[in-house]
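Take the sequences, apply the hints, and build the full model.
Here is how the chains run, residue by residue.
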Amino acid sequence: MNEPLAPFLEVRPEGLYCPAFDAAIDPPVAARRAIVSHAHTDHAAPGHEEVWGTRETIAVYRRRNPEWTGEAREIGYGERLEENGVTVELYPAGHVLGSAQVYFERDGRSLLYTGDFKRRLSRTAVPAAAPPAGILATESTFGLPVFRFPPTEVLEERLVAACHRAFEEKKTPILLVYAFGKAQEVALALTRAGIPSVLHGAAWKLLPDFEAAGHPFPMSRAYETGPAQAGEALLVPPYCARTPIVRNVKRRRIVYLSGWAVREASRADFDAEVLIPWSDHADFPELLAHVADVAPEKVVTMHGYSRDLARILAARGVDAEPLATARERLSEDPATAGDPGEGT
Amino acid sequence: MTAYRELAETLEEVARERGKLAKIERLAETLGRLEGEELRASARLASGSPFAEWEQAVTSVGWVTVAKAASEVTGWDLETIGACAAAIGDLGEAVGLLLTEEPPDAMSISEVDARLRELARERKAAAKQKAVEAMLRRSSPAEGKYLVKTLSGGLRIGADVTTVEEAIAQAFGADREAVARAHRDCGDIGETAVAAREGTLSEIRFRLFHPIGFMLATPIETAEEVTSELPLFAAEDKYDGIRAHAHKSGSRVSLFSRTLDDVTAQFPEVAESLAKLPGSFLLDGEILAWRDGRPESFFRLQRRLGRKAPEPGLLAEIPVAFMAYDCLARDGRPLFEEEWTARRRELEAISPDLLVSPVHRAETPSELDTLFDAARERGNEGLMLKRRDSGYQAGKRGRAWRKYKKALATLDVVVTAVQQGNGKRAGMLSDYTFAVRDGDRFVNIGKAYSGLTDEEIRKMGTHFRRITTARYGPVRAVAPEVVLEISFDSIQKSARHKSGFALRFPRIVRLRPDKRPHEVDTLQTVAEVYAKLIGQTGRGA
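Residue numbers (the working numbering), protein chains in the order written: chain U, 1 to 344; chain S, 1001 to 1541.
There are no misleading hints in this set.
Straight line, CA to CA, 27 Å or less: simulated DSS-like cross-link-like pairs of lysine-lysine:
id	chain 1	residue 1	chain 2	residue 2
1	U	K170	S	K1020
2	S	K1124	S	K1068
3	U	K171	S	K1020
4	S	K1124	S	K1308
In short, the hints are calculated from the structure, not lab data.
As structure tokens, then:
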């Protein structure tokens, strides 16, 4: 069997597994021991017996799974663990608060697993590192050249402008943002612009973890305390676009913030008036830049447009192949594709 | 000279506006600044084509030709272009996203117009591709996006022809109705815009042999829906054929299909028999497979479609006839504004040799249902109800005409993906995934094993290979072009498809080459049929 990630990781039907640490990497189902790159639900399934991750990742994991009784092992960026001759180290991924890339090393050979990452400015995540590695297992959510996102500062300007136009039209800006990561970054950008925000409970409950990391939210309040008033922006997850929390706002201007917002079709998908391609993922140029900086001998692509990115890299002389797991194949079936993961 | 870039930016802003009024205002602002040839071209381009409807021209550049041109200009291989188009859901948008520069040498609106017209005259695919490349090399992202959309036959900016008509009226302070009438009569939104600017709308006269939009009907599900209006309606059988307008003057006859294509050569016996009738006229009616004074199934008529000139054997095997049901102009006088009753009088007065659809009357829902059953008995689809006091609203779907088909009869859908079959049909692209329309996008609703013959499947397979936009193992995503009519047993809620619904036992009834992708049924219709089913069975299906 083809083992592109050997000797560090095995490709199993349910995902990646590290034999040296007897740990699954970001397993989609409950595992005995899981190394979790970040606390988005598509990487941090509930119910693991043991979770290894950064302090922030574990804090958010606990808060999102209050019933969880498993064991946690906090690992700081730069801390090195060794088992069976393999060392593991977490590097910042720039994706969301606490997000990490996982670096494996043995006898001078190395593998970098990016998890989800981005290289653009984040206000809450530690900037992504790009340590040189022999094998790069990279995400490829936006692995096609149509996906190019403007710098964070430009996106923040567009966000503020969209809110001001809504206020001028006596409308409530409704910002469709994922509950963990984007919601808080957007609330912080609004705070800097002097715009108060009302947060859906899923995003609100995570604020203490951001405050613990030094990000206060003096101009935000919970939706539970009452609907948005004039001059306030309402932040809800995208799946709420057609639910009463949005529908009950009679005068509204819906803003969809996601990498998928480059598609005009998302206007209809979310009833959105404004599309802002604000993503926590690397865009296509960032994916290429990461490959260039990590300078691996081999690249394995996973998630999203993995086949396309691998083909494009191969055409540029990079030894690249898509990861072939059942989950990856599922995401390529046009009948089920297009269901973006959390944080896109 | 105005740059095409400016028009493209306008279209982009129109697309971004959600409200119809804001769209009209934005478009009016740009059209109001233009005049002459630039105005003529811009009004047409804003409606999606460089040509007037009467010109009967299309740029006819295939998806693959455009994709190859985009590949040459952007440097991305064809497979990546296809993957990008599939990811974004629209080739034009994808090309816009792949273009990064604003070339300094911007094209004027007139230059783009001239180049698109030249493209239509060009016959060779390779030369067409070169011409598209030349345009894309000088395109900004917005220009590239709207050029490709124009070549692909739809801007999808949420502005239909009525929106453009209203923008023209607003731009030049003209009366909306006057703009719509002039547009209908001259068959050219460009000429209409120029006339509106110059205050000469009233000088535009109806001309025969320019294709005119068809008046469309709003469906009803039950006779009770129209109880109170019933006495105002005339009822006719709803025929299962090809809707057509017949223009006739002297011995000249032209037949135009619903897509405004000239189909005269396909039905020589119809043209011949109409040419023998006295006077000049424009008729609305249906081309039917016809034998022994009765309509035959659409299945048989289908064999006459898509052939430039049918051979004598086929003419004898499947004879057709034109069933007239409306008269829109007669002996130089347009009748669009006349009430149906008056138009019907004109229709019946043309000649006893003209086949005219019989008219029935129903005063109560139960009488209507009796008529419905009789129509089905005669081999027709159902009933058409037409307000006796209504004018002919060309190109519009209104409530003055209603169509009464059996609930759950069929849905028109567009094919979005194809897959190789198993067993006997292994290696053939026999399984179709299809979608209905939801606003500007298509959402999948089911997948069916083809009900078509092996030969049809093979023929379709060649076509599907040509319009493939991406490959996923055995599955090919295809450009949404092929329209099918499907029947099914039931509708269920389903998370499997993006539409949120799945059809139970869908079967392909027939190909619908006479329908364009944007004319397929909507998600709304599916939801309504579903709601009705729930009501009937009293439980979630």
